[in-house]
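Just so you know, the sequences run in chain order A and B. Those letters in the first sequence? Residues 0 to 365, per numbering that gives the first Met the number 0, in order. Those letters in the second sequence? Residues 0 to 306, per numbering that gives the first Met the number 0, in order.
No wet-lab data here; the hints were simulated from the structure. We treat Cβ as the ideally placed atom computed from N, Cα and C, and that holds for glycine. Please note that a few of the clues may not be correct.
To be verified - On the chain B side, residues computed to face chain A include the following (Cβ under 10 Å):
no., residue
1, Val-217
2, Trp-226
3, Leu-229
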Amino acid sequence: MIRLEKRPQPSKFWGALTPVLAVIATMIAGGILFWMLGKDPLEAIRTIFWDPLFHETFGPYSRPQLMVKAGPLILIAIGLSLGFRAGIWNIGAEGQYIMGAVCGAAVGLAFYPSESMLIFPAMVLAGAIGGWAWAMIPGVLKVKFGTNEILVSLMLVYVAENILASVSQGLLKNPDGMGFPGSRNFRDFPAAHNTDLIAGTGMHWGVAAAFIAVILAYILLTRHMLGFQVRLTGEAPRAAKFAGVNPTRLILFCLGTSGALAGLAGLFEVSGPSGQVSIDFNAGYGFTAIIVAFLGRLHPIGILLAGLLMALTYIGGELAQLMLGLPGAAIQMFQGMLMFFLLAMDMLSHYRVRWKTPVAAQEGAK
Amino acid sequence: MDLGQINPLLLLASLMVAATPILLAAIGEAVVEKSGVLNLGVEGMMITGAVVGFAIGVTTGAPSIGFVAAAVAGAALSMLFGVLVLYLKSNQVATGLGLTLFGLGLSALIGKPYEGIKAPTMAKWEIPLLSDIPVLGPIMFRHDPMVYVSLIIVALTWYVLTRTRAGLILRGVGENHNAAHALGYKVIRVRLMAIAFGGACAGMGGAYISLVRVPQWVEGMTAGAGWIALAIVVFASWRPWRVLLGAYLFGGISVLQLNLQAAGVPIPVEILAMSPYLITILVLVVISLRGNHGAPGSLGREFHATH
Chain A
0 MIRLEKRPQP SKFWGALTPV LAVIATMIAG GILFWMLGKD PLEAIRTIFW
50 DPLFHETFGP YSRPQLMVKA GPLILIAIGL SLGFRAGIWN IGAEGQYIMG
100 AVCGAAVGLA FYPSESMLIF PAMVLAGAIG GWAWAMIPGV LKVKFGTNEI
150 LVSLMLVYVA ENILASVSQG LLKNPDGMGF PGSRNFRDFP AAHNTDLIAG
200 TGMHWGVAAA FIAVILAYIL LTRHMLGFQV RLTGEAPRAA KFAGVNPTRL
250 ILFCLGTSGA LAGLAGLFEV SGPSGQVSID FNAGYGFTAI IVAFLGRLHP
300 IGILLAGLLM ALTYIGGELA QLMLGLPGAA IQMFQGMLMF FLLAMDMLSH
350 YRVRWKTPVA AQEGAK
Chain B
0 MDLGQINPLL LLASLMVAAT PILLAAIGEA VVEKSGVLNL GVEGMMITGA
50 VVGFAIGVTT GAPSIGFVAA AVAGAALSML FGVLVLYLKS NQVATGLGLT
100 LFGLGLSALI GKPYEGIKAP TMAKWEIPLL SDIPVLGPIM FRHDPMVYVS
150 LIIVALTWYV LTRTRAGLIL RGVGENHNAA HALGYKVIRV RLMAIAFGGA
200 CAGMGGAYIS LVRVPQWVEG MTAGAGWIAL AIVVFASWRP WRVLLGAYLF
250 GGISVLQLNL QAAGVPIPVE ILAMSPYLIT ILVLVVISLR GNHGAPGSLG
300 REFHATH
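Using the sequences provided together with the hints, build the complete structure.
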């Protein structure tokens, strides 16, 4: 019989190893899935994980894409991880992402066709505020009334999607767009366009922001009192109470930060890779970032690596769709599987697995 | 705008249809939460139920078989959650979220070949005598069988939870799992059964959307119904009859909203479309003002038997 024994402290060794094991297990299970879909499993795995980086023809195109996709994922996941650590569950990042994009784009479009240097910084600020404000709704409701932040933040995703649909067909619609829905394209508006910092690398401002967020989050969690309080609240809520952690402040800080970062990600996306506010510019990054946060074990460096890996599955998935005719949804499922394997293997870091010896034998041994 | 074209009788009749998916999912989740487990994967199980129910319903031409298949699929998916949470002690919130993400992907994958097909229609039951009552008859007694099945499930759930020994054990496990374990009840087994029931209900709720309400398969068609079901459980203070009340109130709002859109009320479509979600938030706030009365004591806590 197998018996689980709770470890006094989560094992660091297993904590680092489980994400790797989960990725391997997902590749195996994914291979079986692809085989069931009638594809060669090895070829599918290679197309998803190897070809985007090293293939002669596709590599040069897809390597920059890795940054473009990883940027928003990392930026959002860093914010979410702070809350997740403290047991504050913001799962509406998708909504905050949309609202950040809408607010930021609105500020930029209001000044069209100005060429001022200040436009882009103003858009960035508006994007962060938009996401922050949207996350403050569940935050304030939780603090004031004790309302469940999980459900409120999620409901607000659907509200944000309706707002997006409304503005892209109304308020922000391109006046020269011959009636098509969607805003002006930021590519035709240089002062507000989020271009590659180094041409052809995919390194736009959003990617830079993601790297900065990783560093700041690392400093916050290891060197700052607030970061200590976040960790303490998650690991020992009772001790946190005695230590005088102010829960109201912590809830508002975690939700606000994650909202602002998600809003930033939305703004960088809409003014850069996506180019315009349209009904479906959001690609579900807000939800995938939840997986990224867990895959990175809620640790900034881990999230950086996890974001790159998850970006790879997006690009590899598109490539597999093109090359092998693998359905796009298979990748979505693949990402979901990864989350499951990760959670399942998490047990190894919290528990010791022991073979249970019958009680009589134990007594005899004494 | 022509509000006169909204027929109150039809409105009330379609209310029951609109409410049934959420009612099924919410009553299942209420039982799960009563046993002390928080399963946030309702949306994922619903959408999987929707696609499996639709696929089987279309293939066999019999919606009833589709519903059975949806229940099985929902329960099977919920077992994945059950094993992770109960045996591998994973975090319930994270695992539930994972289940939803996984279910959305899985359903999109299964559903691809079924896009654009129409579901076989489910015959309505006109309950003899009762359906001839003026006003009440057309509203309440001329629906498809699943509407009545959902009501029977609510009644049975109420009966089992409050009037039987099995229900007492389930509530005991949910209130205090350590005490229940000390008394010799199988905490994990009870919870596993509750989770399976919740999954089956969510699956049927999803299938009701794809087979009756829409009736078509569209990717992501549950559109948050599973999350609304979770909110209704809180609204209902974990009581079966209040779940019914909550689901029907919500069904009323969504039907009214659709009718107002059709009648051309001078309110933007987007505002009407987002109203169910806004009202859900409002309801959650009002409920939380009252405090968290009725939440099972061990809800969401990890259970680890040390002896």
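Does the nearest C-beta of chain A fall within a distance shorter than 10 Å of the C-beta of Leu-229 (chain B)? Check passed: Cβ of Leu-229 (chain B) comes within 6 Å of chain A, closer than 10 Å.
So, as I understand it, the hint says Val-217 (chain B) touches chain A; can you test that by seeing if any CB pair is closer than 10 Å? Because about 13 Å separates Val-217 (chain B) from the closest Cβ in chain A, which is outside the 10 Å limit, the hint is violated.
Using Cβ atoms only, decide whether Trp-226 (chain B) comes closer than 10 Å to chain A, and label the hint accordingly. Where the cut-off is 10 Å and the nearest Cβ of chain A is about 5 Å from Trp-226 (chain B), the hint holds.
The structure does not agree with numbered hint 1 stated previously, though it agrees with all others.
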